[in-house]
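Chemist: Model the full assembly from the supplied sequences, consistent with the hints where possible.
The sequence shown begins at 1 in this note's numbering and counts up one residue at a time.
Treat the hints loosely; a few may be bogus.
[Unchecked claim] The calculated lysine to aspartate or glutamate pairs, modelled on DMTMM-like cross-linking and capped at a C-alpha distance of 25 Å, are: (1) Lys241 to Glu226; (2) Lys146 to Glu93; (3) Lys54 to Glu136; (4) Lys244 to Glu167; (5) Lys267 to Glu175; (6) Lys139 to Glu129; (7) Lys139 to Glu51; (8) Lys146 to Asp119; (9) Lys274 to Asp159; (10) Lys73 to Glu286; (11) Lys146 to Asp159; (12) Lys274 to Glu324.
[Unchecked claim] Derived CB-CB ranges, DEER-like: (13) Asp106 to Val308: 27 to 37 Å; (14) Thr34 to Gly287: 18 to 28 Å; (15) Asp106 to Glu226: 28 to 38 Å; (16) Gly243 to Thr45: 51 to 61 Å; (17) Gln52 to Lys201: 58 to 68 Å; (18) Pro275 to Glu58: 51 to 61 Å; (19) Arg320 to Ala132: 49 to 59 Å; (20) Gln52 to Glu286: 30 to 40 Å.
Quick caveat, the hints were computed from the structure, so don't treat them as lab data. Ideal placement from N, C-alpha and C gives every residue a C-beta, glycine not left out.
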Amino acid sequence: MATILDGKSLITAEMIAASLPRGKLEPHSEAFETARVELALILHTTHQQIEQRKDPAEIIRRLMSYLEATRSKVHTDVWQALIPVVRNHPVLEYFLEDPLTRWSHDKPRGYSGDAQLLDYIYCDPHVAESVANASEIGKALYSHTKDVPSCVAARERRDLLTRYVDEIATRNGPEAEVLAIAAGHLREANRSTALQEGRLKRWVALDQDPQSVGLITRDFQGTAVEAIDGSVRTMLTRGHKLGKFDFIYASGLYDYLAHNVAVKLTKTCLQMLKPNGTFLFANYAEGNPDAGYRETFMNWVLLLRSEVDMWNIINASVDRNTVEAQVFFGENRNVLYGVIEKRG
1 MATILDGKSL ITAEMIAASL PRGKLEPHSE AFETARVELA LILHTTHQQI
51 EQRKDPAEII RRLMSYLEAT RSKVHTDVWQ ALIPVVRNHP VLEYFLEDPL
101 TRWSHDKPRG YSGDAQLLDY IYCDPHVAES VANASEIGKA LYSHTKDVPS
151 CVAARERRDL LTRYVDEIAT RNGPEAEVLA IAAGHLREAN RSTALQEGRL
201 KRWVALDQDP QSVGLITRDF QGTAVEAIDG SVRTMLTRGH KLGKFDFIYA
251 SGLYDYLAHN VAVKLTKTCL QMLKPNGTFL FANYAEGNPD AGYRETFMNW
301 VLLLRSEVDM WNIINASVDR NTVEAQVFFG ENRNVLYGVI EKRG
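Modeler: What follows is the structure in structure tokens.
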């Protein structure tokens, strides 16, 4: 658990997998062998399609569907044992031509889910040159991966955050204060009319990656945005004296936090809210249809949660009589949101 709390350590697929409940799996159990043979056939068929130069978007669409079907029907332990089978298959190199898959797989920043990966998901202008320089196969694959349900949901999440900030600025006036935890590149601020019109007192962007902190500082110079180097650990230990806020959000962090750490962070954030303040956290939902591809070819494992899981975090964090709370899905049901409003 200390590893997850350490803001300087790396979030890896292995670390997330180690935190999942595990049963005992014999290496050559019948269930594993059956699934391995089926998976080998899927990968062989994919390899044939690649050699036949079939449409890359169709190849990856079929593969994603097969991988998710396999992931859904086998035990978690069997799936974990199958992941290396996929990663060690020769077809991997083909899918790494996709700039989004390549960035996630290689982890140039040393950890999963970094801000530039989100830029690929957002189709942000900052990665346009990288996409343009990809091979024709890579571009064709990216045209599909950028529009899988989880990526569509991530773009909706970005825009939802912008709306929350603008609405709170309208409601609270120019003294409104906002805190983004694990802010990445803070792309949601690019579309904020409240920020553009100077209707925020401050928008604090906390992130543990110095590259993200530097980029935010450069891009939002002269605005209400303040970039600060900090992590979950510094939040929980109150390493920064950040003050109180009208709106605090953590949109891409809880997917990496075990329940007890998520509860600790939620409690801390609620203590940092002003009366009538709002805390929002988001998490990818169970049943996400591209998880099979993401966990294998992209080497990106998230802790997916259910509505019950989200409520369990809320109920363990606060006396429900002191807040208004809700849990809801995004439009395509790939992301869950927990929103807690502190009564005055």
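Chemist: It remains to establish, for every hint, whether it holds in the given structure.
Modeler: Quick rundown of the hints versus the structure:
1. Of the pairs offered as hints, the one joining Lys241 and Glu226 holds, with about 13 Å between alpha carbons and a cut-off of 25 Å not exceeded.
2. Between Lys146 and Glu93 the CA atoms are separated by roughly 18 Å; this keeps the pair inside 25 Å, and the hint holds.
3. Between Lys54 and Glu136 the CA atoms are separated by roughly 13 Å; this keeps the pair inside 25 Å, and the hint holds.
4. Of the supplied pair hints, the one linking Lys244 and Glu167 holds, its CA atoms being roughly 18 Å apart against a limit of 25 Å.
5. Of the supplied pair hints, the one linking Lys267 and Glu175 holds, its CA atoms being roughly 24 Å apart against a limit of 25 Å.
6. A hinted pair counts as satisfied when its Cα atoms are at most 25 Å apart, and Lys139 with Glu129 qualifies at roughly 12 Å.
7. A distance of roughly 18 Å separates the Cα atoms of Lys139 and Glu51; the hinted pair therefore holds under the 25 Å criterion.
8. About 10 Å separates the Cα atoms of Lys146 and Asp119, which keeps this hinted pair within 25 Å; it holds.
9. For the hint linking Lys274 to Asp159, the alpha-carbon distance of about 24 Å falls within 25 Å, and the restraint holds.
10. A hinted pair counts as satisfied when its Cα atoms are at most 25 Å apart, and Lys73 with Glu286 qualifies at roughly 14 Å.
11. Between Lys146 and Asp159, the direct Cα distance comes to roughly 16 Å. Compliance with the 25 Å bound is thereby established for this hinted pair.
12. Between the alpha carbons of Lys274 and Glu324 the distance comes to roughly 14 Å, so the proposed pair stays at or under 25 Å and holds.
13. One distance hint, 27 to 37 Å for the beta-carbon pair Asp106 and Val308, holds here, with the actual separation near 35 Å.
14. A C-beta distance of roughly 23 Å is found between Thr34 and Gly287, which places it inside the suggested range of 18 to 28 Å.
15. For Asp106 and Glu226, the hinted distance range of 28 to 38 Å is satisfied, since their beta carbons lie about 31 Å from each other.
16. The hinted range of 51 to 61 Å is satisfied by Gly243 and Thr45, whose Cβ atoms lie roughly 57 Å apart.
17. Distance hint check for Gln52 and Lys201: the Cβ-Cβ separation is about 60 Å, which falls inside the suggested range of 58 to 68 Å.
18. About 55 Å separates the C-beta atoms of Pro275 and Glu58, a value consistent with the hinted range of 51 to 61 Å.
19. Taken as a hint, the range 49 to 59 Å holds for the pair Arg320 and Ala132, whose Cβ atoms sit roughly 51 Å apart.
20. For the pair Gln52 and Glu286, the supplied restraint of 30 to 40 Å holds, since their beta-carbon distance comes to about 36 Å.
Of the numbered hints stated above, none is contradicted by the structure.
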